[in-house]
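Colleague: Sequences are here, hints too, so could you generate the full structure?
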Amino acid sequence: MRPGASQLVSALALVAGINAAAGTASAQEPRLRDRLPAPTRIAIDAILDSAHAEGLPTEPLVDRALEGASKGAAPDRIMAAVQRLWGELRTARISLGLGSSAPEIVAGASALRAGADPDDLTRLRELRTRQSLTVASATLADLVAVGVPVDTAVAAVIALAEGAEDADYLAFRRNVERDIALGASPVSALGVRLGAAAAEALSNIDQASSPGPRRPRKP
Amino acid sequence: MTEGNGRLERAIDALKEPVQLGHTFDQRVMAEIESGPEPRAWAYRFWAILDWLKRGRPVSVSPLGGLALTAGIALVALLGRSMLESEGQSTPVAAAAYGSVVQFVIVEPAATAVSLVGDFNDWSAAANPMQRMAGNGVWSVTVPLTPGRYRYAFLVNGSIWLSDPSAPPTLDDEFGRPGSVVTIGEL
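Those protein sequences? They're chains E and W, same order as listed. Each residue of the first sequence is one higher than the one before, counting from 209 in the numbering used here. Each residue of the second sequence is one higher than the one before, counting from 418 in the numbering used here.
Since the hints were made in silico from the structure, they are not lab data. Computed from a predicted model, the values in this text were never measured in an experiment. Heads up, the beta-carbon is just placed ideally off N, CA and C, and yes, glycines get one too. A hint or two may mislead.
What the hints assert, rightly or not - Per the computed footprint, the stretches of chain E lying under chain W, defined by three or more beta-carbons under 8 Å from a beta-carbon of chain W, are:
no., segment
1, 311-320
2, 349-363
3, 366-378
Stated by the list, open to error - If we take Cβ atoms under 10 Å as the criterion, some of the chain E residues that face chain W in the derived model are:
no., residue
4, Val-270
5, Asp-271
6, Gly-276
7, Lys-279
8, Ile-286
9, Ala-288
10, Ala-289
11, Gln-339
12, Val-343
13, Ser-345
14, Glu-385
Claimed, not checked - Away from chain W, derived, C-beta distances all over 12 Å, residues of chain E:
no., residue
15, Ala-235
16, Gln-236
17, Pro-247
18, Thr-330
19, Arg-333
20, Thr-337
21, Val-395
22, Ala-404
23, Ala-407
24, Ala-409
25, Leu-410
Modeller: Structure representation (structure tokens):
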């Protein structure tokens, strides 16, 4: 274990111990019991308590610890991963708004991990006030994961923000991935698919404004 | 020529005579048409009924009735899901789905056991063992998922970690093993 991480685990365990002594015993996550060594488990329980007190979703933190344990990672590595995710969840929640759902916060954290700026998430929220941001934020992260530069991915996701449904985002990402798999560069694949989306949006606007017979509006 | 033949010829001659329509014939025909049911009335009623069916309206259900309704819906959903599973026609790709049941597939002809592990099953190799499909090295499992973003991987023979080639990779490799992500949209 690296000295820094070791000291961190000890410090968090100490905080948990002080909390317990003060009568604010931290809740123990039962799923961690047989999967992690006691000091790491205690330290993660302390993080879970703090995250819960902040109103953050704790399930992703438990999942990350379990992932590390399942993959046989060293305790300090697991601690570092959980702590990093904790920070990302906190930033994502602030950027997306305090009323954001747990899936939105998790997806927002993945977008931050991909390199998006917290202000990008705030902008996305402003543009999509009525829709969930889970898929939009996840699309941003997924585009970066397949090689699209983060600035380009952010621009694309924000360009689609006002008109696209979740299904449109998923289809957009799938199409970009397919083009890349067929040999296109990530930037050109994204540009082509963004152009196609813009053309479709313009076509829809033309149809809506044409004087021909219209389908009756739903009540 | 017999008497019978004479009658037949007179009848034929009578039929050959042109029919004389009265001067009120047209008026009588039009009156008959107007008194009958209007042809488009049924079509109008059909669309009116359809419109009525589509229109939202408040419905009050007793607690017991609500329970029965919920049980019925759950039964239909379960039957539908079991039919899907039995026919192997669930959501086709694990990379990104838009529903609650996702099928994960990987081709590993040499594997003796493959498990799906991820955020949705506490990364437990025992939770979702994959089934080998008839003799072609394809392993598959379906998992119900709520909307969200999940990390996952395939664990082959209990020791080899593989990402899903049909899904976006995880952005980082924090634990030194490959992984993938799946995003489930809101229904």
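Colleague: Now tell me if each hint is right for this structure.
Modeller: Results of checking the hints against the structure:
no.: 1; hint: 311-320; in the structure: holds (count 4)
no.: 2; hint: 349-363; in the structure: holds (count 5)
no.: 3; hint: 366-378; in the structure: holds (count 4)
no.: 4; hint: Val-270; in the structure: holds, 8 Å
no.: 5; hint: Asp-271; in the structure: holds, 4 Å
no.: 6; hint: Gly-276; in the structure: holds, 5 Å
no.: 7; hint: Lys-279; in the structure: holds, 4 Å
no.: 8; hint: Ile-286; in the structure: holds, 8 Å
no.: 9; hint: Ala-288; in the structure: holds, 8 Å
no.: 10; hint: Ala-289; in the structure: holds, 5 Å
no.: 11; hint: Gln-339; in the structure: holds, 8 Å
no.: 12; hint: Val-343; in the structure: holds, 5 Å
no.: 13; hint: Ser-345; in the structure: holds, 8 Å
no.: 14; hint: Glu-385; in the structure: holds, 7 Å
no.: 15; hint: Ala-235; in the structure: holds, 17 Å
no.: 16; hint: Gln-236; in the structure: holds, 16 Å
no.: 17; hint: Pro-247; in the structure: holds, 19 Å
no.: 18; hint: Thr-330; in the structure: holds, 19 Å
no.: 19; hint: Arg-333; in the structure: holds, 15 Å
no.: 20; hint: Thr-337; in the structure: holds, 15 Å
no.: 21; hint: Val-395; in the structure: holds, 17 Å
no.: 22; hint: Ala-404; in the structure: holds, 18 Å
no.: 23; hint: Ala-407; in the structure: holds, 23 Å
no.: 24; hint: Ala-409; in the structure: holds, 20 Å
no.: 25; hint: Leu-410; in the structure: holds, 25 Å
No hint from the list above goes unmet by this structure.
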